[in-house]
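*Asks:* Sequence:
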Amino acid sequence: MGNALGSRKKLPKEDLDFLMSNTHFTKKQIKQWYNGFIRDCPSGQLSKKKFIEVYSGFFPDGNAEEFCTHVFRTFDKDNSGKIDFKEFLLAINITSGGRPKEKLEWAYQMYDIDGNGTIERSEMVEIIKVSQIMPPVSQLEGS
Numbered sequence: 014m015g016n017a018l019g020s021r022k023k024l025p026k027e028d029l030d031f032l033m034s035n036t037h038f039t040k041k042q043i044k045q046w047y048n049g050f051i052r053d054c055p056s057g058q059l060s061k062k063k064f065i066e067v068y069s070g071f072f073p074d075g076n077a078e079e080f081c082t083h084v085f086r087t088f089d090k091d092n093s094g095k096i097d098f099k100e101f102l103l104a105i106n107i108t109s110g111g112r113p114k115e116k117l118e119w120a121y122q123m124y125d126i127d128g129n130g131t132i133e134r135s136e137m138v139e140i141i142k143v144s145q146i147m148p149p150v151s152q153l154e155g156s
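Using my numbering, the letters of the sequence shown correspond one by one to residues 14 to 156.
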């Protein structure tokens with residue numbers, strides 16, 4: 014997936030067909046998402062740095078870098094270090110309107126940092142910490 018689109022400016026028909034079959038988006042919506050993606054990422058690839066830069070704007074009061082690193086990891090399905098349009102839209106589909114099972118699978122991947130199929134306590138603490146859902150780890154360790 015990582016290099017499928019390269020620097021092409023028009024979404025290939027096979028990618029459009031794939032996304033229409035595997036997301037809840039219409040043909041028109043997919044093309045709109047694609048145009049925005051290519052405008053922001055002319056190479057057809059979204060780097061981790063750019064991802065963090067863009068999404069940091071959604072978390073102005075916190076350090077989004079650590080959290081975004083974990084989100085990026087779950088979006089970068091082929092571990093290329095970049096997100097292509099298909100990876101991007103599949104992830105948007107899950108997080109914005111996916112079925113409950115898909116959302117749970119995505120959340121599980123988020124917590125399973127090392128990808129071994131098991132969520133260790135340290136992984137859970139890490140994600141909760143960077144999500145700013147709980148008190149600092151030092152307070153947890155005291156209890």
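Note that these hints are calculated values from the structure, not bench results.
Misleading hints may appear alongside valid ones.
As the list claims (entries may be wrong) - Computed beta-carbon distance windows for the label pairs:
hint	residue 1	residue 2	range
1	Asp53	Met137	28 to 34 Å
2	Lys41	Gly94	18 to 24 Å
3	Ile141	Lys40	36 to 42 Å
4	Leu117	Glu79	19 to 25 Å
5	Thr82	Pro25	28 to 34 Å
6	Thr82	Ser109	31 to 37 Å
7	Glu115	Lys40	17 to 23 Å
As the list claims (entries may be wrong) - Listed below are the simulated BS3-like cross-link pairs for lysine-lysine, each with C-alpha atoms no more than 27 Å apart in a straight line:
hint	residue 1	residue 2
8	Lys142	Lys62
9	Lys61	Lys23
10	Lys90	Lys114
11	Lys90	Lys63
12	Lys44	Lys26
13	Lys40	Lys116
14	Lys22	Lys90
None of the values given here were measured: they were computed from a predicted structure.
Even for Gly, the Cβ is constructed at its ideal location relative to N, Cα and C.
*Asks:* Please go over all the hints and tell whether each is borne out by the structure.
*Replies:* So, going through the hints one by one against the coordinates:
1. Asp53 to Met137: 28 to 34 Å: holds, 33 Å
2. Lys41 to Gly94: 18 to 24 Å: The hint (18 to 24 Å, Cβ to Cβ) is violated, given that Lys41 and Gly94 are roughly 31 Å apart.
3. Ile141 to Lys40: 36 to 42 Å: Since Ile141 and Lys40 have Cβ atoms about 39 Å apart, the given range 36 to 42 Å holds.
4. Leu117 to Glu79: 19 to 25 Å: This hint holds: roughly 22 Å between Cβ atoms.
5. Thr82 to Pro25: 28 to 34 Å: holds, 30 Å
6. Thr82 to Ser109: 31 to 37 Å: About 21 Å separates the Cβ atoms of Thr82 and Ser109, which means 31 to 37 Å is violated.
7. Glu115 to Lys40: 17 to 23 Å: Holds, since Glu115 and Lys40 (Cβ atoms, about 21 Å apart) stay within the stated range.
8. Lys142 to Lys62: Since the Cα atoms of Lys142 and Lys62 sit roughly 21 Å apart, the hinted pair holds (cutoff 27 Å).
9. Lys61 to Lys23: holds, 23 Å
10. Lys90 to Lys114: It holds: about 18 Å lies between the C-alpha atoms, which stays within 27 Å.
11. Lys90 to Lys63: Given that 27 Å is the threshold and the Cα spacing comes to 17 Å, the pair holds.
12. Lys44 to Lys26: Roughly 11 Å separates the two Cα atoms, so the pair holds.
13. Lys40 to Lys116: holds, 23 Å
14. Lys22 to Lys90: Given that 27 Å is the threshold and the Cα spacing comes to 22 Å, the pair holds.
In terms of the numbered hints stated before, the structure departs from hints 2 and 6, listed from lowest to highest.
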